[in-house]
Amino acid sequence: DAGVIQSPRHEVTEMGQEVTLRCKPISGHDYLFWYRQTMMRGLELLIYFNNNVPIDDSGMPEDRFSAKMPNASFSTLKIQPSEPRDSAVYFCASSLGQGLGGYTFGSGTRLTVV
Amino acid sequence: QQPVQSPQAVILREGEDAVINCSSSKALYSVHWYRQKHGEAPVFLMILLKGGEQKGHEKISASFNEKKQQSSLYLTASQLSYSGTYFCGTPSGSARQLTFGSGTQLTVLP
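Going down the list, the sequences are from chains A and B. The numbering of the first sequence is our numbering, which starts it at 1096 and goes up by one. The numbering of the second sequence is our numbering, which starts it at 62 and goes up by one.
Keep in mind the hints are simulated off the structure, nothing from the lab. These numbers were taken from a predicted model, which means no experiment stands behind them. The reader is advised that the hints may include incorrect statements.
What the hints assert, rightly or not - List of simulated lysine to any residue pairs, SDA-like, C-alpha gap at most 20 Å:
no.: 1; chain 1: B; residue 1: Lys98; chain 2: A; residue 2: Thr1199
no.: 2; chain 1: B; residue 1: Lys98; chain 2: A; residue 2: Met1135
no.: 3; chain 1: B; residue 1: Lys98; chain 2: A; residue 2: Gly1154
What the hints assert, rightly or not - For each label pair, taking beta carbons as the anchor points, the in silico distance ranges come out as:
no.: 4; chain 1: B; residue 1: Glu119; chain 2: A; residue 2: Gln1193; range: 21 to 31 Å
no.: 5; chain 1: B; residue 1: Tyr90; chain 2: A; residue 2: Arg1136; range: 22 to 32 Å
no.: 6; chain 1: B; residue 1: Leu110; chain 2: A; residue 2: Gly1111; range: 42 to 52 Å
Positions of the beta carbon are idealized from the N, C-alpha and C atoms, including for glycine.
Let the sequences and hints guide you as you build the complete structure.
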């Protein structure tokens, strides 16, 4: 398996622009998680899905953030409009069932908003 | 609630041992351990499920004491490849999502 695939790896955008991050989980994994990592706040959970259904989005910072999972092999995290404080590394992770095998993280998207 | 890790940073020489601790103010049902190298994604090391359980991964082992609500990661005879930031992650009650500690930065020098 190719693992969890995220795109793009790097994104530089201007404040106010829309940003879309993409994730392809490991085939067969039924849980998908979006995390954000910054030096100040560490790894923060934004939202997670089970069988394509959003279960907990309490970590989504504002209405500017939205996430979708239209099918088992694809998820997006959208920020509109983007702000400099959104600059961070965004990780997507997937896991199977009770998570006994742990999470498999994607390589992340480094977002810079200028 | 975020688990608390200690120490924040450790510097070792190759061959030395290290212990990283993770504690929670809430009841723990399981603990995950991950390692993240600079510029890379966190990588799963192991999960501990039962009170007092110990597991090993090469020369890295861990213990979990659910009564004390804490887990410890033991790195024996450290290798250069062990350098990175170690995170513990704990589920929120019966929920599936993990809350991660702030990390322990481990540096192994030759």
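Here is how each hint holds up against the structure:
Our distance criterion of 20 Å between C-alpha atoms is met by B:Lys98 and A:Thr1199, whose separation comes to about 15 Å. Straight-line distance between C-alpha atoms of B:Lys98 and A:Met1135 comes to about 18 Å, which keeps the hinted pair within the 20 Å bound. With a C-alpha separation of about 25 Å, the suggested pairing of B:Lys98 with A:Gly1154 is violated against the 20 Å cut-off. Between B:Glu119 and A:Gln1193 the Cβ separation comes to about 24 Å, which falls inside the hinted range of 21 to 31 Å.
A hinted range of 22 to 32 Å holds for the C-beta pair B:Tyr90 and A:Arg1136, which are about 25 Å apart. Between B:Leu110 and A:Gly1111 the CB atoms are about 47 Å apart, so this pair conforms to the stated range of 42 to 52 Å.
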